[in-house]
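Engineer: Keeping their order, the protein sequence lines are chains A and B.
Just so we're aligned, residue 1 is where the first sequence starts under this note's numbering, counting upward by one.
Just so we're aligned, residue 1001 is where the second sequence starts under this note's numbering, counting upward by one.
Some hints here could point you the wrong way.
Stated by the list, open to error - From chain A, some residues computed to sit far from chain B (all C-beta separations above 10 Å): (1) R211; (2) L218; (3) G221; (4) E314; (5) Q376; (6) G411; (7) E436.
To be verified - Here are the simulated SDA-like pairs of lysine to any residue, each with C-alpha atoms no more than 20 Å apart in a straight line: (8) B/K1479 with A/N391; (9) B/K1203 with A/G115; (10) B/K1487 with B/F1445; (11) B/K1487 with A/D206; (12) B/K1469 with A/Q220; (13) B/K1469 with A/A222; (14) B/K1487 with A/M217; (15) B/K1144 with B/L1254; (16) A/K146 with A/I408; (17) B/K1479 with A/P205; (18) B/K1479 with A/D206; (19) B/K1487 with B/S1426; (20) B/K1203 with B/L1254; (21) A/K108 with A/N391; (22) B/K1487 with A/A207; (23) A/K146 with A/G249; (24) B/K1479 with A/N204; (25) B/K1469 with B/Q1450; (26) B/K1487 with A/N204; (27) A/K380 with A/Q76.
Simulated from the structure, these hints should not be mistaken for laboratory data.
Using N, Cα and C, we set each Cβ at its ideal position, and we do this for glycine too.
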Amino acid sequence: MSMTRSFETFSRRDLFRIAAASLGGISCSPWLPKLARAAGTKRPPKACILLWMAGGPSQMETLDPKPGHRNGGPTQAISTAVPGIELSQNLPGLASQMKDVALVRSMKTREGDHGRATQLMMTGYRPMGGMTDYPVLGSLISHRLKPADSPLPGFVSIAPFRFGNLGSGFLGPDHSPLVVSGASNDPNTRANLTVENLDVAGGNPDALLERQGLLNMLRQGAPSSSPAAIKHASVYDQAMRMVETRGEGAFELDEEPTELRDAYGRNRFGQGCLLARRLVERGVPFVEVSLDAAAQGSWDSHVDNFSAVSSMCEVLDPAWSTLLTDLRDRGLLDSTLVVWMGEFGRTPQINPNRGRDHFPDAWSVALAGGSIAGGQVYGKTSADGMEVSDNPVTASDLYATLLEGLGIDSGGDNAMGNRPIPLVDEGGTPIRELLE
Amino acid sequence: MSKPVVLLMLLTVAVVARTGTALADSQGDTLSQWMDQRGEQLWGRPPAPCSDLTFVRRVYLDLVGRVPSVSEIRDFRALGEDRRELLVNELVFGEGPRRDTYTRLSASSLARHWRRVLISPGTVVNGSVQALETWLADAFREGKPYDEMMREITQIQSPDSAGGYYRLVGGTPETYAGNLSRVMLGVRLDCAQCHDHPFTDWKQHDFWGLAAFYSDINGSIDTPDGSQSTGKSGEIRFEGETYRAKVLWEDTALDDATRASRVRLARWMTSPQNPNFAATAVNRFWQLLVGRGLYADIENLDLANEDERAFLDDLGQKFAEDGFHVQRLIAAICKTNWYAARAMSETDSDPTFRRELKVISPEQVFDSLEQSLHLPISRIDPAAPRWTGARAQMVNRLGEAIGETPEDYASGIPQALMMMNGPVTSEAIDLDRSRLLRAVVESPFFDEDQRIETLYLAVLTREPSEAEKQSLTEYLDNKPDETTRRKAFGDILWALLNSPEFVLCR
Chain A
1 MSMTRSFETF SRRDLFRIAA ASLGGISCSP WLPKLARAAG TKRPPKACIL LWMAGGPSQM
61 ETLDPKPGHR NGGPTQAIST AVPGIELSQN LPGLASQMKD VALVRSMKTR EGDHGRATQL
121 MMTGYRPMGG MTDYPVLGSL ISHRLKPADS PLPGFVSIAP FRFGNLGSGF LGPDHSPLVV
181 SGASNDPNTR ANLTVENLDV AGGNPDALLE RQGLLNMLRQ GAPSSSPAAI KHASVYDQAM
241 RMVETRGEGA FELDEEPTEL RDAYGRNRFG QGCLLARRLV ERGVPFVEVS LDAAAQGSWD
301 SHVDNFSAVS SMCEVLDPAW STLLTDLRDR GLLDSTLVVW MGEFGRTPQI NPNRGRDHFP
361 DAWSVALAGG SIAGGQVYGK TSADGMEVSD NPVTASDLYA TLLEGLGIDS GGDNAMGNRP
421 IPLVDEGGTP IRELLE
Chain B
1001 MSKPVVLLML LTVAVVARTG TALADSQGDT LSQWMDQRGE QLWGRPPAPC SDLTFVRRVY
1061 LDLVGRVPSV SEIRDFRALG EDRRELLVNE LVFGEGPRRD TYTRLSASSL ARHWRRVLIS
1121 PGTVVNGSVQ ALETWLADAF REGKPYDEMM REITQIQSPD SAGGYYRLVG GTPETYAGNL
1181 SRVMLGVRLD CAQCHDHPFT DWKQHDFWGL AAFYSDINGS IDTPDGSQST GKSGEIRFEG
1241 ETYRAKVLWE DTALDDATRA SRVRLARWMT SPQNPNFAAT AVNRFWQLLV GRGLYADIEN
1301 LDLANEDERA FLDDLGQKFA EDGFHVQRLI AAICKTNWYA ARAMSETDSD PTFRRELKVI
1361 SPEQVFDSLE QSLHLPISRI DPAAPRWTGA RAQMVNRLGE AIGETPEDYA SGIPQALMMM
1421 NGPVTSEAID LDRSRLLRAV VESPFFDEDQ RIETLYLAVL TREPSEAEKQ SLTEYLDNKP
1481 DETTRRKAFG DILWALLNSP EFVLCR
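Excised from the complex, chain A in its bound form:
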């Protein structure tokens, strides 16, 4: 059945191309790479899934527990699949995956405000008052890794929650995220974790071809120098390709076995991670899944930190560990880099509200898959958690490592007009120990 269907979409798409080319003067032969890919047994393309922890998770209750120290609070440590590496009791699932996971416990950044820190960690550049509109990580990766013939966008953002309004910046609309909304944890809510309106209006798929032709004709009247018109064209072209293939079926989570859906967790983040895997399988190079709040609080745990983080981890841990297992089972883990991070960590001292406040001086992130050498800890914090005592890592270092982990030369540039903009802000050095 899937054979027939993919053949149908394939041929329809090519017809469509031919029509578009004859009307709009585009000339290309897009079916050639597609055929080559279908024939060969190529290794899966590189991809990145970012688990974005908006609000700034506490490192002490996740990746860098300090049991026995006053700053550690009541949080206990548990052993993991790698002898000598311990995690907080909140992450038993991740503990079992530790062989593939590398922890960085020595993040040292300088931004303690949600908005500014988000901008730093999402773009790799410190906010400098808007001189350059830096693209977010997803747009950077989409720009480098998006296959030319893919009907899906190069960057999908699932249920995003962020402090600040960030996007593809100077890389332009072709690398803006497809935002998949997920306004609710209720799986039955309309439009939750899906893309609506993929059916051709009027029901006849062949009409799409004719409409595309007519639209191309009308576009000739729009001034080509207008940024808004350029963006409109880019967005419509991407939307058309999604309709042609019905998004390659990526959004049909119902196709997945019940047990697997349960294992990811029947909540927005869990099902979002499952959707991320389906998108990566279909060639999307970057997917971002956000987690900012759960039943009992959020990562921004100024009050009652311990119950908040524990509640967050009940959502996080099953989804994260199932994602790693699932990717491995499908042979995708070696090509897919899974990044877990927020905009900063939390203060080691516990405040009078049993909370922890913003803390950029010493905090943790986790990397797995791709070319990351798992089963290790990089960097170290002091016994009280107040400072990095070993191998400090900046946002630029992390960005350089991520790019290298995806096979991208971190010393490269992007072009903004004639001006080269380094992919990674100056001073960023890839951490060789973390790379295979």
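Add chain B to chain A, keeping to what the hints say.
Structural biologist: Structure of chain B alone, referenced to chain A:
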């Protein structure tokens, strides 16, 4: 001098100023000519004017919130030589037979725009914005002067005053202070909340001095890393420091801040002594209508160059002298050569003036569709999309991706898909269900050319070019039979609705 006396004097001056100019320039014509001349000093000669049809599309979208109907276009053409000025007067000042409708539509259109100014896109809103929008619409309909509206927003007595703006943007003194300085003064103070501003002169005591005016608003939300009340009005505590109420550009705190401090803040905010208030106001109205602010980076007014700033200051002063009369300012801007300039053509001076395409708002998209497609609008009609939830669904989806300025098209794939395949479009292009299509395709009075022309006029407010007519005639001629030929009009309509020209006002 006692306060009532000062107030009385201020009032008298305002009244005199108002009557004076009202007589001289009741519909903004003099101000408009002044802007034409003043603009030439900055930008040189204006670009060539747009066509009549483009002008009608612009003013209907900008002032009434939707595209004009075919009969409104016909009426406009009948207005004679001064038709552009007359149309502006009709829509802004509610002259002519459709007076009440235009006044109502214009007030709600302005209210929606100002709601998005007050609560900028991307803000996490605490509650429903409906009350705020109603408050704004009432004010615009009554013709309340702009300074008075802003004073009411400034001197709130509770989180629910002025449409509940305080509560909506977060319900804390610091979020309110940040918003007021952004909205009314074109100053982004938020950065100075945690540290002194990196590029301008704003310091933490400027930010917290403004926040201190609101420390005693009942119902403030306590956030653990936010501000704390000291128990005294006009004082606020943050990270161990206590700050006293202080207006911007002053070094010393307000005297006797426990007495009517917000009333005094409101008076300072809108007074001629405030260097940014009137300049920011006119810049915002200019942006609303022309697409780009006179100085584009509206919320960083401090960064404007000297010439831009001088233009804004002069225009702001005229707005103030005219009693902050909103309708007159709007009419005056719409009558300038800058407003009427053809899109995407530049002046030859530097910095150049260029009118970009303007992205229409989510509500303008729906209301224009409603107009173009002859959708039923009666509340008792069960098929009226306005009342079935179709409008809300469309406005919400489009509202998920709104640009920061009217020139910024921020829609993504989900928004495009809704325009391509959503329920309103599906119905519009279905010959059995679409009122517009039936009226056009089945009318015995139209030949094929006229059918195409009518669709263009209804949806895009223009006539098809010769090239377009020829392509479409060929397209229709290639249809094998009458049924597919009739259906093809649905596809033509689909393309018009989805063309860049529909959402990007030329």
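Engineer: A separate judgement is required for each hint: does it hold in the structure or not?
Structural biologist: Structure-based check of each hint:
The Cβ of A/R211 sits about 5 Å from the closest Cβ of chain B, inside the 10 Å cut-off, so the non-interface label is violated. For A/L218, the non-interface assignment is contradicted: its Cβ lies about 4 Å from the closest Cβ of chain B, within the 10 Å cut-off. At roughly 7 Å from the closest C-beta of chain B, the C-beta of A/G221 falls inside 10 Å, breaking its exclusion from the interface. Chain B leaves A/E314 outside its interface by the beta-carbon criterion, the shortest separation being 23 Å against a cut-off of 10 Å.
Non-interface call for A/Q376 relative to chain B: holds, since the shortest CB-CB distance, roughly 34 Å, exceeds 10 Å. The Cβ of A/G411 sits about 28 Å from the closest Cβ of chain B, beyond the 10 Å cut-off, so the non-interface label holds. With a closest Cβ-Cβ approach of about 35 Å to chain B, A/E436 is found to remain outside the 10 Å limit, as its non-interface label requires. Simply put, B/K1479 and A/N391 have alpha-carbon atoms about 71 Å apart, too far for the 20 Å limit, and the pair is violated.
As the CA atoms of B/K1203 and A/G115 are separated by approximately 19 Å, the hinted pair is consistent with the 20 Å bound. Under the criterion of a C-alpha separation no larger than 20 Å, the hint pairing B/K1487 with B/F1445 is consistent with the structure, at around 19 Å. Restraint check: the Cα-Cα separation between B/K1487 and A/D206 comes to about 13 Å, which is no more than 20 Å; the hinted pair holds. Of the supplied pair hints, the one linking B/K1469 and A/Q220 holds, its CA atoms being roughly 13 Å apart against a limit of 20 Å.
Among the hinted pairs, B/K1469 with A/A222 is consistent with the structure: their alpha-carbon atoms are about 16 Å apart, no more than 20 Å. Our distance criterion of 20 Å between C-alpha atoms is met by B/K1487 and A/M217, whose separation comes to about 19 Å. Between B/K1144 and B/L1254, the direct Cα distance comes to roughly 29 Å. Violation of the 20 Å bound is thereby established for this hinted pair. For the given pair, A/K146 sits about 13 Å from A/I408 by alpha-carbon distance, which is consistent with the 20 Å threshold.
With a C-alpha separation of about 17 Å, the suggested pairing of B/K1479 with A/P205 holds against the 20 Å cut-off. For the given pair, B/K1479 sits about 14 Å from A/D206 by alpha-carbon distance, which is consistent with the 20 Å threshold. For the hint linking B/K1487 to B/S1426, the alpha-carbon distance of about 13 Å falls within 20 Å, and the restraint holds. Only pairs whose Cα atoms come within 20 Å are accepted, and B/K1203 paired with B/L1254 is accepted, the gap being roughly 17 Å.
About 10 Å separates the Cα atoms of A/K108 and A/N391, which keeps this hinted pair within 20 Å; it holds. With a C-alpha separation of about 10 Å, the suggested pairing of B/K1487 with A/A207 holds against the 20 Å cut-off. Only pairs whose Cα atoms come within 20 Å are accepted, and A/K146 paired with A/G249 is accepted, the gap being roughly 18 Å. Taken as a hint, the B/K1479 and A/N204 pair is honoured in the structure, with Cα atoms around 16 Å apart against an allowance of 20 Å.
This hinted pair checks out: B/K1469 and B/Q1450 have alpha carbons roughly 10 Å apart, not beyond 20 Å. The straight-line distance between the Cα atoms of B/K1487 and A/N204 is roughly 12 Å, inside the 20 Å bound, and the hint therefore holds. Between A/K380 and A/Q76, the direct Cα distance comes to roughly 18 Å. Compliance with the 20 Å bound is thereby established for this hinted pair.
Going down the numbered hints, you'll see the structure goes against 1, 2, 3, 8, 15, while the others check out.
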